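Novice: Could you build the full structure based on these sequences and the hints that come with them?
Protein chains in written order, with this note's numbering: chain D, 1 to 478; chain W, 1001 to 1224.
Please note that a few of the clues may not be correct.
As the list claims (entries may be wrong) - With the C-beta cut set under 7 Å, the calculated list includes, among others, these residues of chain D facing chain W:
#1 HIS266
#2 THR270
#3 GLY274
#4 ARG276
#5 THR278
#6 GLU280
#7 VAL281
#8 LEU296
#9 GLU298
#10 ILE302
Claimed, not checked - Calculated from the model, a selection of chain W residues having no Cβ within reach of chain D, i.e. all distances over 10 Å:
#11 LYS1014
#12 ARG1113
#13 VAL1222
It is worth saying that the hints were derived from the structure and are not from the lab. These figures come from a predicted structure and were not determined experimentally. C-beta atoms are modelled at their ideal positions from N, C-alpha and C, and glycine is treated no differently.
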Amino acid sequence: MMYSLRIRLITGVIIGILLLLAVFSLVVYSVIRRALINQFDASLVSTAQILSASVELNDGEIDLELDVEYMQEFQRKERPTYYQLWHKDTVALRSPSLGRDNLLRFEGPLDVPVFRALQKNRQPLRAIGLKFEPRGVKKPERDRDRKRNEDKQRAKQQTLTLVVARDARVLQGQLSFLRWLLLTASAGAIILSFLVAAFVVRHGLRPLTAIAGEIAAIRENDLSTRIGTTSVPDEVLPIKNRLNDLLSRLEEAFKRERRFTADVAHELRTPLSGIRSTIEVTLARARNSSEYQTVLSECLAIVETMQTMVSNLLMIARLDAHQITFRRAQINLTELVNCCWRPFSDRALEHEIVFENCIPLEMTCESDPENLSTALSNLLDNAIEYTDNGGQIWVTAHHYDDSIEIAVANTGCKLTSEQVSHVFDCFWRADPSRTATGIHCGLGLSLVQRIVRALGGSTNASVQADGVFTVRLILPVM
Amino acid sequence: MRLLLIEDYLPLQKSLTKGLCEAGFAVDVTGDGQEGLWYAMNNDYDVIILDLMLPGVDGLSILKKLRAKGRQSHVLILTAKDTLQDRVAGLDLGADDYLVKPFAFEELLARIRALLRRSYLQKNPRIKIKDLQIDLTTQRVWRGREEIQLTPREYALLEYLAMRAGEPVSRTDIWEHIYEFKSTASSNVVDVYIGYLRKKIELTGKPPLIHTVRGRGYCLGVQL
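Specialist: In structure tokens form, the structure reads like this:
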């Protein structure tokens, strides 16, 4: 990405400069060329004017003033000026420089000079063609109409065509030098601008390079580092900040994951050590069968605890990964709660806990029966675990416009409000040592919360001054 | 040798107690931190096996208080916490060893034996007193070439005397290191066991190994 960005920037700059230079060179070239040619043409025009002014026509005889004819310009061998004069279709005069050669005859309207590039002996020439009326003609005085007609006729007969040509090598040389100059200057400018652009782009992208270097140095086992590149340009600053935010979130997630894994390992170690030492001690010597039976049933109880924990963990993981599909069915809440309570009734009796299902008989709700009953069972299990002997557990439900609230309450809660705010955290316990006591591993309420969330609802927990602990499930009504 | 086990996870507590008793240790057990602290403060245990997460008072606080009061018992921390920080914290607070759950029971026993040897400045796991040999690892005893069969209690008594060989050991010391807290006290139970032990290890025609030190107790190996 870095690489192509640099190339793209440099290429863009170079193309821009190239276009600018091309336009600039073309304009300069054409302006100077025009000026040079104009200058050349102006001298041709003046020569042609001198010549044309020197020509006299006397009764069909064409004369040229001698001093003009013998002007150095028309005599010299080196880059001479040529002229040729036609009267009607015959060549009237020729410059000495021309020898016996002919110039190409061309002309425009009367008295309008026309320019043309010619070649003589492969040398470039620039020529002017001029059609003119020579001096020295006496206009006869006749009546107007005749005069006009005769004028026209005479003009036809008496106009001369003059072509003056001059060696254009100097002009061509000047123009080709100009072209060379412009091309060389452009090439130099391109190379220079490439170097400057490369430097500027590299310099400009330095913060990006620095950030990339810092990112490359971040290892997944240490996400506490942040991108610290200072003097970051405004355009890159949001990228840096977003990356740092992302790193913070990643670090937090990794920490949570690590803590969770550590917690899981810790929670599994204690029962495992129980099983292991029970088996090892038993195997250390021969025992009678009743001893083996006791030990095996003890181990089985531990295994059951671990199994519950593992399946809870698995369910939490699946809920977190959205791997659990839900079905919807009409549920009679009273029946569902009674059904969930049944497995706990013996334990409640043992601790003289009174259970009351206060949900109105006809109350129904549309939700997933299996998952809702898992949530309720976990809530009741938790309630029994923490209710004082001789205490009470009761379940209520209320219908609201767009939701239904199921509340499980129990007496004998010793938690503070601050502690209650943690009850839905994984592996949280009011007393950390409860880890070892087996039945509860601090996953029940987290599982409840995740199930209810997956069902589209929410949970909350509260404790009152008299020790009544209530967990509420708020489920949406379809 | 007398141990205190402070562990609140019942299945582990139960099996460890059973295993340690069967290994010949006198074991006091509690699952409560407060109670454990009281036991540790009021008895001279050879080794205290301490869980860290306990109801009442947590393991590290117990350790801190014990060391603050100058109790010298060796402490072995037994916990599911396995991070480097936990281990360093435990050892730095004065623990002598650290074992992470789950562990092999054999390793726990070996570590306890190592701590005991350290307690009694005994590097060699095989103690020799004249022609009496005691293998502390296998708990076997020989007189000359002949192996002597001892009951666990007799072995515990001999081991304790052997650890402190050459010095007089009082009846109270013996009582405190051989018997658990719950045993009913009896003034002459130590003398009775010394009698049993003498019958098994003393040989006729050879000088006695266990000497009675008047008013001070017993001494193994040396006539004081």
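Novice: Each of the hints needs a verdict: does it hold here or not?
Specialist: Comparing the hints with the structure gives:
1. HIS266: This interface hint holds because 5 Å falls under the 7 Å limit.
2. THR270: holds, 5 Å
3. GLY274: holds, 4 Å
4. ARG276: holds, 5 Å
5. THR278: Given a least distance of 4 Å, the restraint on THR278/D holds.
6. GLU280: holds, 4 Å
7. VAL281: Holds, because the Cβ-Cβ distance from VAL281/D to chain W comes to roughly 3 Å (cut-off 7 Å).
8. LEU296: Since chain W brings no Cβ nearer than about 12 Å to LEU296/D, farther than 7 Å, the hint is violated.
9. GLU298: Interface hint status for GLU298/D: holds (6 Å vs cutoff 7 Å).
10. ILE302: holds, 6 Å
11. LYS1014: violated, 7 Å
12. ARG1113: holds, 15 Å
13. VAL1222: holds, 36 Å
Taken one by one, the earlier hints fail for this structure at numbers 8 and 11, listed in ascending order.
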